[in-house]
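The primary structure of each chain is shown beneath.
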Amino acid sequence: MSNQIAILLAVLLFPGGVFALALGLALKGVDRRVAARLQSRVGPPLMQPFFDIVKLGFKRTMVPAAANETVFLYTPLIGVVSMLIAAALVPITSVYAPDAAIGNLLVLLYLLMIPGIVLMIAGSASGSPYGAIGFSREMALMIAYEGPLVLIAAAVAIRTGMGMGGWATFSLNDIVAYQQTHGAFLFDPVMWPAVAAFCFFYPANLGIVPFDIPEAETEVLEGPIIEYSGPVLALFKLMSAVKKVVVLGLGIALFFPLAPANLVGGLLVWLIKMAVLMLIGITVVRLSTGRMRIDQAFVFFLKWPLLLAVASLAVVVVV
Amino acid sequence: MGLIPDFKKIATRSPWLYRINAGSCNGCDVEMATTALIPRYDVERLGCQYCGSPKHADIVLISGPLTVRVKDAVLRMFDEIPEPKVTVAVGVCPISGGIFRESYAVLAPIDQYIPIDVNVPGCPPRPQAIIAGVAKAIEIWRERL
Amino acid sequence: MNFLTIFARNLRQGPQTEAFPLGPAFTPERLRGRIEFNADHCEGCRICERVCPANAIRFAKTPDGMTFDCWHNTCVFCGNCEFYCPTDAIHQTNDWDLSHVNADKFEMVEHGLIPNQKCAECGATALNTAPVLKNAKPPLSDAEYAELRARCPKCRAKYLKNRKVPA
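The listed protein sequences correspond, in order, to chains D, B and E. The first sequence: position 66 = 66 (the working numbering), numbered continuously. The second sequence: position 120 = 1120 (the working numbering), numbered continuously. The third sequence: position 142 = 2142 (the working numbering), numbered continuously.
I should point out that these hints are in silico values taken from the structure, not numbers from a laboratory. Among the clues, some could well be false.
What the hints assert, rightly or not - Each computed SDA-like pair below joins lysine to any residue, with the alpha-carbon atoms no more than 20 Å apart:
{"id": "1", "chain 1": "B", "residue 1": "K1085", "chain 2": "D", "residue 2": "D212"}
{"id": "2", "chain 1": "B", "residue 1": "K1136", "chain 2": "E", "residue 2": "C2155"}
{"id": "3", "chain 1": "B", "residue 1": "K1085", "chain 2": "B", "residue 2": "F1007"}
{"id": "4", "chain 1": "B", "residue 1": "K1009", "chain 2": "E", "residue 2": "L2022"}
{"id": "5", "chain 1": "B", "residue 1": "K1136", "chain 2": "E", "residue 2": "N2010"}
{"id": "6", "chain 1": "D", "residue 1": "K303", "chain 2": "D", "residue 2": "D212"}
{"id": "7", "chain 1": "B", "residue 1": "K1085", "chain 2": "D", "residue 2": "K273"}
{"id": "8", "chain 1": "B", "residue 1": "K1085", "chain 2": "D", "residue 2": "M62"}
{"id": "9", "chain 1": "B", "residue 1": "K1085", "chain 2": "D", "residue 2": "V63"}
{"id": "10", "chain 1": "B", "residue 1": "K1085", "chain 2": "D", "residue 2": "L46"}
{"id": "11", "chain 1": "B", "residue 1": "K1008", "chain 2": "D", "residue 2": "R60"}
{"id": "12", "chain 1": "D", "residue 1": "K273", "chain 2": "D", "residue 2": "D212"}
{"id": "13", "chain 1": "B", "residue 1": "K1085", "chain 2": "D", "residue 2": "Q180"}
{"id": "14", "chain 1": "B", "residue 1": "K1009", "chain 2": "D", "residue 2": "G57"}
{"id": "15", "chain 1": "B", "residue 1": "K1085", "chain 2": "E", "residue 2": "H2100"}
{"id": "16", "chain 1": "B", "residue 1": "K1136", "chain 2": "E", "residue 2": "A2039"}
{"id": "17", "chain 1": "D", "residue 1": "K237", "chain 2": "B", "residue 2": "F1007"}
{"id": "18", "chain 1": "B", "residue 1": "K1136", "chain 2": "E", "residue 2": "G2023"}
{"id": "19", "chain 1": "B", "residue 1": "K1009", "chain 2": "D", "residue 2": "K273"}
{"id": "20", "chain 1": "B", "residue 1": "K1008", "chain 2": "D", "residue 2": "K303"}
{"id": "21", "chain 1": "B", "residue 1": "K1009", "chain 2": "D", "residue 2": "D212"}
{"id": "22", "chain 1": "B", "residue 1": "K1085", "chain 2": "D", "residue 2": "K303"}
{"id": "23", "chain 1": "D", "residue 1": "K237", "chain 2": "B", "residue 2": "M1077"}
{"id": "24", "chain 1": "D", "residue 1": "K237", "chain 2": "B", "residue 2": "P1115"}
{"id": "25", "chain 1": "D", "residue 1": "K237", "chain 2": "B", "residue 2": "R1013"}
{"id": "26", "chain 1": "B", "residue 1": "K1008", "chain 2": "D", "residue 2": "L46"}
{"id": "27", "chain 1": "E", "residue 1": "K2105", "chain 2": "B", "residue 2": "P1115"}
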């Protein structure tokens, strides 16, 4: 019973729930401000995403006549809840270890697929042609980037498992513990193809230029979320904010979870790693590239990231 | 209960802009684009952000005299924008027809079809003038929220 | 890799954003802004009304004189009126901060009046416009200018014809 209460608290307070929401929005604020400074503009205040969410609470939600109302209103809720649960699964070294029953890499991968599916369903439930275009583009992009993701996860799991004397282990706690003793995978030459493939995977997952094709795009007038307004739109923004936290946290846990052994130090190092990873990986990438077309992005993912992921799996099994 | 006015004050710090081109020559549209994209006239400082969908908008910037051909589409799009909203007429064309005032294809002034709140004259108005107009619109929006 | 040097330069230089609206804006001196009408210098030729592409300038004859109205909500700030005015009675200032609420739409008018006067010679009612001085050789002295101004157009022509040129 106390196990379940601990899990519930993890989902609602730390590291899911309030903590993940606040951290996600704060990271987004830092990203916008730093992006503006890199473009020699002043940029919005750091708390701007919080203001946006509060403002969206005051607008009214309009449901289009051609939309399926229940699906339209409830899918974003599913998206946010799934991301909060996923945030409870991300291990933070020396601070938080997910419960062994749920802290499984495969469960996290399944949960990470849900926001994409939510976008797709929301787009098609809107009853708008722009939503339908967003639906098909999101579907194509998901097919493209889910392949490398699974192979990367398998490579990490097999490396950890073989290092611990078994075959493969998908437990996130084991992966983190293995890297504490044997050195982070970031510095392990065998895992470098996996690291490279992950670097290609996460911009597509998080919807960052050059891969933000389905959503928030001036070509399709914001794609799946075009018909959303008011608090329901705020749910979409929150979902994408928590997804950033989850994916960046997953990257840290999979490849370099080293941190000092005490609570405060561990949390601080994790936050610094998040910020650095976000600045290099999201802001700089976002500002220096242009958006790809969906067919270009699809072919791109089928070439290098997939090759790198397959190579990483092969190398890990052979070596 | 003392929290509710505070939230309203917070909410007013994030007005989202949406542009409608009601048959404009694109001069005012270019100036409106520069207020967002050029580092010199950054409108994001005020918390503003250009959004892609009319359903996400708070402040509507209309440019162009309402041409006969585009009137239905503009009126339909204007209805899609949820309340509370503030409308800014950018350039002299929506206010009075501008230089096209005596044309047969132009239905200006636009405030016989759409309620306008702030006018920004100019042909095209300077980006600073547009920002001044947007600042006035934010004040009005603050009252309406 | 060029963008990294650009980012470094941008971070070093700081933001280039102008301070407006949180500070004063830079306004070039010859910016084409709101027009200003000076009734004292106006000749009454009405060329500005003819060349205005938007028909923003209207003159009207009233019992008090001739009124000048330019509605800034239809003026396109082209500068034609300033270019063609022979006496520099109408010119463009660099005032661009003209945004207003819609209720004030019809207040954005530059109004001027060229008053009527009684001619000093024949007593007829005529407009107190600036005299047309292009063909006066040698230039008029101040006293002659004042005399010329106080007359109606017919008496002005007579005065100029009979003007004794000082040796």
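TODO: Hints the structure violates: just list their numbers, smallest first.
DONE: 1, 2, 5, 7, 10, 12, 13, 16, 19, 20, 21, 22, 23 and 24
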